Amino acid sequence: MKSGERLIFIGDSITDCGRNTDSEKIGDGYVRIIRDHLRLRQPEGIPDIINKGISGNRITDLADRWEKDVLALNPDYVSISIGINDVWRQLDNPNMNQVYPGEFEKIYQKLLSLVKVKTNAQIIIMEPTIIEENIESEGNRKLQPYIDIVRRLAVTFNGVLVPEHQCFIAVLKKHPEYNLTTDGVHMNSTGNLLMARTWLRANGLE
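Just so we're aligned: the sequence shown equals residues 1 to 206 in the UniProt record's numbering.
Calculated from the structure, these hints are not laboratory results.
A portion of the hints provided could be inaccurate.
Stated by the list, open to error - Taking lysine to any residue pairs in the SDA-like style, the calculated list, with each CA pair at most 25 Å apart, reads:
#1 LYS110 <-> TRP66
#2 LYS25 <-> THR190
#3 LYS174 <-> ILE135
#4 LYS2 <-> SER23
#5 LYS25 <-> HIS186
#6 LYS106 <-> ASP92
#7 LYS116 <-> HIS186
#8 LYS142 <-> PRO176
What the hints assert, rightly or not - Estimated spans, in silico, between C-beta atoms of each pair:
#9 GLY56 <-> GLU138: 12 to 22 Å
#10 ASP48 <-> LYS110: 34 to 44 Å
#11 GLU136 <-> GLU44: 45 to 55 Å
For clarity, every value in this text was computed on a predicted model and none was experimentally measured.
Beta carbons: idealized from backbone N, C-alpha and C, even for Gly.
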């Protein structure tokens, strides 16, 4: 990744992280940590980093804005973090129309196919993180099929898989007393650092 290239991060509130109230429009979460790390690692220049996270998004919302927020920008890299709200809405708003694993996979596959056909971008697929620090929570159990889908799609589309869920669970197994989120979903500073470090490692940029 170098100066002159374009790196898009797209996802939900975990990616958004207050970008619209940030003068640099990248928010104060894992995207900022990645940007800052790259600045120090590559003083000769880094990619143009664009944060396209929107709070509350599910895979269906990404589909609605994929052309405008990804394809039209002709990125060199597209990093995608989605799936938490597809599961969380099943828990906190069960009466709304839900996105179950079959639909999730079908839509995600279509979006990745469009990236391959219309751009030369490297695809970076982030596993959904966690829903509660309790490893055996209902949210984490329901999340597993979505994680399996993400892993399969990374192989199918020759993408970089960022094993966020795997790394979060490993930390929590070793330190169940740690809090990585503020509310079971949204990252605290430790969670954002873990996300960023996992992303950088997966992309060979530590």
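Does the alpha-carbon distance linking LYS2 and SER23 stay inside the 25 Å limit? holds, 23 Å
Between LYS25 and THR190, is the straight-line Cα distance small enough, at 25 Å or below? This hinted pair holds, its Cα atoms lying about 21 Å apart.
Between LYS174 and ILE135, is the straight-line Cα distance small enough, at 25 Å or below? Between LYS174 and ILE135 the Cα gap is close to 11 Å, so the pair holds against 25 Å.
Between the beta carbons of GLY56 and GLU138, is the distance compatible with 12 to 22 Å? This hint holds: roughly 20 Å between Cβ atoms.
Does the alpha-carbon distance linking LYS25 and HIS186 stay inside the 25 Å limit? holds, 19 Å
So the hint says 45 to 55 Å: do the beta-carbon atoms of GLU136 and GLU44 match that? Since GLU136 and GLU44 have Cβ atoms about 47 Å apart, the given range 45 to 55 Å holds.
So does ASP48 sit 34 to 44 Å from LYS110, Cβ to Cβ? Since ASP48 and LYS110 have Cβ atoms about 26 Å apart, the given range 34 to 44 Å is violated.
Please work out if LYS116 and HIS186 have their alpha carbons no farther apart than 25 Å. Distance ~31 Å between LYS116 and HIS186 Cα, so the pair is violated.
Measure nothing beyond the straight line between the CA atoms of LYS106 and ASP92; if it is 25 Å or shorter, mark the hint as holding. Holds, because 24 Å separates the two Cα atoms, which is no more than 25 Å.
When you check the alpha-carbon spacing of LYS142 and PRO176, does it fall within 25 Å? holds, 20 Å
Does TRP66 sit within 25 Å of LYS110, going by the straight-line distance between their CA atoms? holds, 10 Å
Hint compliance for this structure: hints 7 and 10 are not met, and every other hint is.
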